[in-house]
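Chemist: Note that the protein sequences, when read in sequence, are chains A and B. Taking our numbering, the leading residue of the first sequence gets 1, the next gets one more, and so forth. Taking our numbering, the leading residue of the second sequence gets 1001, the next gets one more, and so forth.
Source of the hints: derived by calculation from the structure; they are not laboratory data. Keep in mind that a hint or two might mislead.
Derived EDC-like pairs: lysine to aspartate or glutamate, alpha-carbon spacing no greater than 20 Å straight-line [said to hold, decoys possible]:
(1) A:K197 to B:D1064
(2) A:K198 to B:E1118
(3) A:K191 to B:E1287
(4) A:K230 to B:D1311
(5) B:K1256 to B:E1287
Chain by chain, the residues run as shown.
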Amino acid sequence: MNIVVCVKYVPDAQSERGFDASDNTTDRENVDGLLSELDEYAVEEALKLVEAGEGEVTVLTIGPEQAADAVKKALQMGADKGVHVSDAAISGSDAPATSLVLAEAIRKIGGADLVLTGMASTDGSMSVVPAMLAERLGLPQVTFASELTVDGDTVTIRRDGDAASETITASLPALVSVTDQINEPRYPSFKGIMAAKKKPVERWSLADLGIDSSQVGLGAAWTKVEDVTKRPPRQQGTIVPDEGDGGARLAEFLASQKFI
Amino acid sequence: MRLTEDHHAFRASVRRFVDVEVNPHADEWEAAGRFPAHELFPKAAAIGLLGLEYDPEYGGEGADHSYQLVAAEELGRMDSAGVGMAIGVQSMMATPSLHRFGTPEQKREFLAPAIAGESVTSIAVTEPDTGSDVSRLRTRAVRDGDDWVITGRKMYITNGTQADWVCLLARTSDEGGHKGMSQIIVPTDRPGFGVSRTLDKLGNRSSDTAELVLDEVRVPVANTIGEIGRGFQQQMEQFIIERMFAAYSTVGTCDKALERTRAFVHERSVFGGPLASKQYVTFRLAELQAQVELLRSHNLAVCEAYEAGEDITRLASVAKLTAGRLVREVADTCLQFHGGMGYLEETWTARLYRDVRLASIGGGADEVMLQVLARLDGLPA
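The following block holds chain A by itself, in its conformation from the complex (with noise of 0.2 Å):
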């Protein structure tokens, strides 16, 4: 089974993370990035699939140069091999732009029998892209999975939700995504970081997918970011002694802001 993991480069949440002042966009050039955390399980859960059975693994992410880094942490889990696509143009896009080059990509890639996202990138948190891109490839779409079996031709998770777990069961091919509840994500081994050098990285522009300029970044999203308020910085917090009525005065607070 040819699996294509789709996978973001985004900001490292451990760092001090903000937005571009010229545009409103997510600041990419002054903060660390990595493979985001959340799409680790897909990967995770890609590898533990091809493991079981045959095929090969194909991460896929679209961004700056230094999103090569989030395919080389894939790799050095154990993918097989990495498509990079990288174009100055695609600089602000939206999730419909997103999915359009994703999409393509995929088309460029071959196809797959199963396409695995993450639930939502830890940047934008939107998990609107694996369902814009299931549509876009007409795939049936299969969400927020925190487990997930392959027999034959067919694939079936689960979906956890607040009042009850559902059963779902898509034909091949198809795209689900996969929550952080569905595997613990290996780290990457020694073996895998000295094989991850030698393994097949594809670098494409949106010209190697057929797709205009004039179709993604700032200029084509449906949305834009008019204004950005940076968060105030947290009060410091209000230290009660407990003289007895600890728990009544712990209440009180409670009730005063809502909570109970």
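Starting from the structure of chain A, add chain B where the hints point.
Modeler: Same frame as chain A, now just chain B:
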């Protein structure tokens, strides 16, 4: 020597291993006085931690020594020093002689499972009456046909209750002093092999350090590592590698303690401002970090010289001596800046303070390092 992107990637993996597989269990293992080595070691092996420099034919990674430095630094950042020490014993203390001097048969039988994390190993040199002075060692292996019959006691043995085999140093002749010793692989399931007690220690409490008793334990002479009678010399080389582990891991321990204390002094408010507004506090932390940087640079020099095949006795002894003293000073200062809170067992500083005391004792006490260095300088010692 400079570390590359590959080193950084491997460092990230080891850090994740520590964060995911060790730190969440640290309190539990500290309280229990042991950690489940047979469960943890296969996970360490999966990322290559137990055989970095070893021959791929036996499951090793075939890496150069610099990856061992990176791994040890990260193991030093553990919240439970006993576990890091146990991994260090497996990878840099109990197995180097076997890798270097062992036969292919020995390596297949004993080294490969150790690299895979299927076997847990110990280094059994120290005895109740002989600490750093290995020349006074009394455990004796008497030859009987194709077997050694071994009788004696071994003390302070890391992984002692969980080990599947130990790399044991015993007298195999009556020559006395440094002569007539051999390194022998002793499987712990042999009749006559026993653990007389586990040791209640000040620190490194997650490590099951034990006293071992051998009462006419019979093992094949074929289990001798290298040359019969050259055990002392081979063990001295193995000790050098142990010193490097101690020095490398200390850098990680100090880095993490200073990082945590820097964050704390920003948050902690005293006399109307953060503790970090006191110049004494910031200068002291900067001063200690500067010393850590010097040790880090020195360690890289040790690593480079070792890779080049040079005799690193002096460099490694300087590193071990410096590391032991520095990490104690760092732990003491970090605890001090946490005030009363730092003295509580619930604060990380208390455990660290207890753990690091070993750094000037284990793997050759400070005084032994000084003796080595004085002799190298031509002084009577």
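Chemist: Decide, hint by hint, whether the structure agrees.
Modeler: Evaluated hints:
1. A:K197 to B:D1064: Holds: K197 (chain A) and D1064 (chain B) sit about 17 Å apart, inside 20 Å.
2. A:K198 to B:E1118: violated (30 Å)
3. A:K191 to B:E1287: violated (38 Å)
4. A:K230 to B:D1311: violated (57 Å)
5. B:K1256 to B:E1287: holds (15 Å)
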